[in-house]
Amino acid sequence: MKRPLLPGGFTAPDAANVAARWLLGGLFIYMGWRKAIHPELFLKMLREYQMVQSTLALNCIAIGVPWFEVFCGLLLLAGIAVRGTALWLAGMLAVFTVVVYHRALGVQAAQAIPFCKVKFDCGCGGGPEFICAKLSQNIGMFLLAAWLLAGRGRAACAFYTRPSRAPRHPL
Amino acid sequence: MIDNSPPVKRSCGGQPGKILRQAAWVGVIGVAFAFLANQLSPRGLNPAMNYFPGDAKPSTVPAPAVPPPTSGGSNVPPPAPSSADALAARLKKNGLQLLDRAGVEELFHDPRRQENLIMFIDARNEDHYQEGHIPGAFEFYPYHPEKYLETVLTPCQLAGQIIVYCTGGDCEDSESAALFLRDAGGVPGAKLLIYGGGMTEWEAAGLPVESGPRNSGNLRNPVP
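Chains as they are written, first to last, in our numbering: chain A, 13 to 183; chain B, 201 to 424.
Don't read these hints as lab results, they were simulated from the structure.
Keep in mind that the hints are not guaranteed to be accurate.
[To be verified] Here are the simulated DMTMM-like cross-link-like pairs (lysine to aspartate or glutamate), alpha carbons at most 20 Å apart as the crow flies:
hint: 1; chain 1: B; residue 1: LYS347; chain 2: A; residue 2: GLU52
hint: 2; chain 1: A; residue 1: LYS56; chain 2: B; residue 2: ASP327
hint: 3; chain 1: B; residue 1: LYS347; chain 2: B; residue 2: ASP327
hint: 4; chain 1: A; residue 1: LYS56; chain 2: A; residue 2: ASP133
hint: 5; chain 1: A; residue 1: LYS129; chain 2: A; residue 2: GLU141
hint: 6; chain 1: B; residue 1: LYS293; chain 2: B; residue 2: ASP383
hint: 7; chain 1: B; residue 1: LYS391; chain 2: B; residue 2: ASP300
hint: 8; chain 1: A; residue 1: LYS56; chain 2: A; residue 2: GLU141
hint: 9; chain 1: A; residue 1: LYS56; chain 2: B; residue 2: GLU326
[Said to hold, decoys possible] Derived Cβ-Cβ restraints for the label pairs, each shown as a range:
hint: 10; chain 1: A; residue 1: GLN123; chain 2: B; residue 2: LYS293; range: 26 to 32 Å
hint: 11; chain 1: B; residue 1: HIS328; chain 2: A; residue 2: CYS144; range: 27 to 33 Å
hint: 12; chain 1: B; residue 1: TRP225; chain 2: A; residue 2: SER148; range: 30 to 36 Å
hint: 13; chain 1: B; residue 1: PRO216; chain 2: A; residue 2: CYS128; range: 35 to 41 Å
hint: 14; chain 1: A; residue 1: GLY139; chain 2: B; residue 2: ASN246; range: 24 to 30 Å
[Said to hold, decoys possible] If you only want the chain B side, here are some residues facing chain A, beta carbon under 8 Å, derived:
hint: 15; residue: ILE219
hint: 16; residue: GLN222
hint: 17; residue: TRP225
hint: 18; residue: VAL226
hint: 19; residue: GLY227
hint: 20; residue: VAL231
hint: 21; residue: ALA234
hint: 22; residue: ALA237
hint: 23; residue: ASN238
hint: 24; residue: ARG243
hint: 25; residue: GLY244
hint: 26; residue: LEU245
hint: 27; residue: PRO247
hint: 28; residue: ASN250
hint: 29; residue: TYR251
hint: 30; residue: PHE252
Where a beta carbon is used, it is the ideal one built from N, C-alpha and C, also for glycine.
So here's chain B without its partners, still in its complex pose (with noise of 0.2 Å):
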């Protein structure tokens, strides 16, 4: 026997109880793929873990870490000039204390550096770290500090003076390095100092950016 009836149409939806029930198993189970996916991504997050440690609220009108470009950017104001103040009597809050890039060049400059008594910790992301950062500078991203933390740990230990860096601007990224070594990683908070101004105004200082590994020796800008 043949069936010659035409198809019937079904499965991809129907009646309002059916479409709900339907909705209700796509949110349970794509739930369940997405902490999987989490869990199995290099980069996945840690659902416990506190990653803005400064509890700093954040500006509600967004103003990016790196100015603007002329064209095809954000077109958000740069940081008001008062952000610098701000900055420092957040970090004050936290413990922590602010330096300027003059402070920043002579800390770079110090022969101590050599001798890993002063150590820079670069707390930008991956790319951007092997984009350029300063010279000899350890990275430490704070959103997986278990992958930086067993390098990172003993120069720190070692080290008088830490200075850790970000982009610059509003980004927070330093803090949250600086609070993580702190609060988890046991390195005094007297030792650690925060570059507010960041890569953004040393590279646009034109000071010394090594590109790559950590004493690569791919620099721009050497030091004459």
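Chain A extracted, bound-state conformation (with noise of 0.2 Å):
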């Protein structure tokens, strides 16, 4: 059974996909955007994770970090190596995930306090976050980043379609 086509000949599934490869880079532009803008209160907020101890490496990851990711949401956007660019995203996803719950779990052992009650701004363009609701939206992202890493979200790609070069046969 032929699934019903949307205008623009998608089908629902396709627009669905569309939809979550814009949600996940409009999500990225935002937050890539939001640090960008302010690159020393990011780097303010790096420094306090402690992981690097380098100056050229901290500030190179304050730069980059940004407007890479503001980078990689017009990518999904324009619908351009959509799969290269879902995987960098899921990588960073996962890493930025881990580090926060580790800077939460700590956070926490200081003040005693439910894991879900730990607030703080971890520095990832959303202002201070309840650590749960934080994971959860980070979980939910790295979801999105798998699915279209997986091949979904293909349709209204910039490079999508072209014409077959398949061996043509004269009617």
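Make the complex out of the two chains shown on their own, each in a separate frame, by following the hints.
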């Protein structure tokens, strides 16, 4: 049975996949932009994680990550190199989630409060947030990135379709 | 001849090897994009600059510079009572002196301030500065020193005492600004005093606050 086509020739799952791609792209543009307009604040927050000792490396991360997120978001919106971009996003989200989780454990231990009551600005671009909400958001975005990596959301890509190069058979 | 064959899906991805190659390209171009954007941004950072010359390791538990509001903000605890001692020790190690509110108030009311022999420097960002600063304070955000150095350096040379402050609490920007002025600007370290309580304490004490640019005359809590 053929799936019903929406305007533009998309099926409903296609449209949902594209919406997921645009949602993830939009979120990364928003969060990257929030960091990119105040890179010094992001730098200070990165420093609080005490994971990088080198000044040069710390500065490069503070410079690179926000704009790289914006770049990846733009690629997703446009539908360019979607799976390669999704691989980056999934990797970054995995690292960020682990790092934020460990920091939250430190805050929880220091304050002796329930884990989900921990609230701080992780430097992710969204301001102070409750850790459980933040982790859920990250996991959701990671699943979206994994979904795109698996080949979904390919409809409406900038370079998605082109006429077939298969041998043509004259009528 | 009309080609009726269906479009071929391609280019958004493919086999693992292709995805990795694509990711490599995204990485290379993305990093180039990021550094170019940073270079073009007026708020861009200098990769080679040490923005934390005090070299103080921050606390593992994040503590906000401003006390958290009753709702909506971060719930990290306020700085411990001993934080002033720790700050004083750290400043001493870096050749700077800590000043408490009484000392700052005394210098603020000192007639020498009118003769520019006592100078205040606000090390917070432009938005915070415009929102409210100690009347007559110069702006010097240490993350963009090149923007402010020319304006600040001459008065620094003339002044006998320079009080540098930021938000207060765990804020280290006043320290960074003072160290930058000393190390890169040639301002003698003995002149530089850090007001640890910062703008938060100043405002909480109901002391005069000027909004807008320096010497704008827009005062809150004016001196009686």
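Of all the hints numbered above, which does this structure not satisfy? Sort the numbers upward. Of the numbered hints given earlier, the structure breaks none, since each of them holds.
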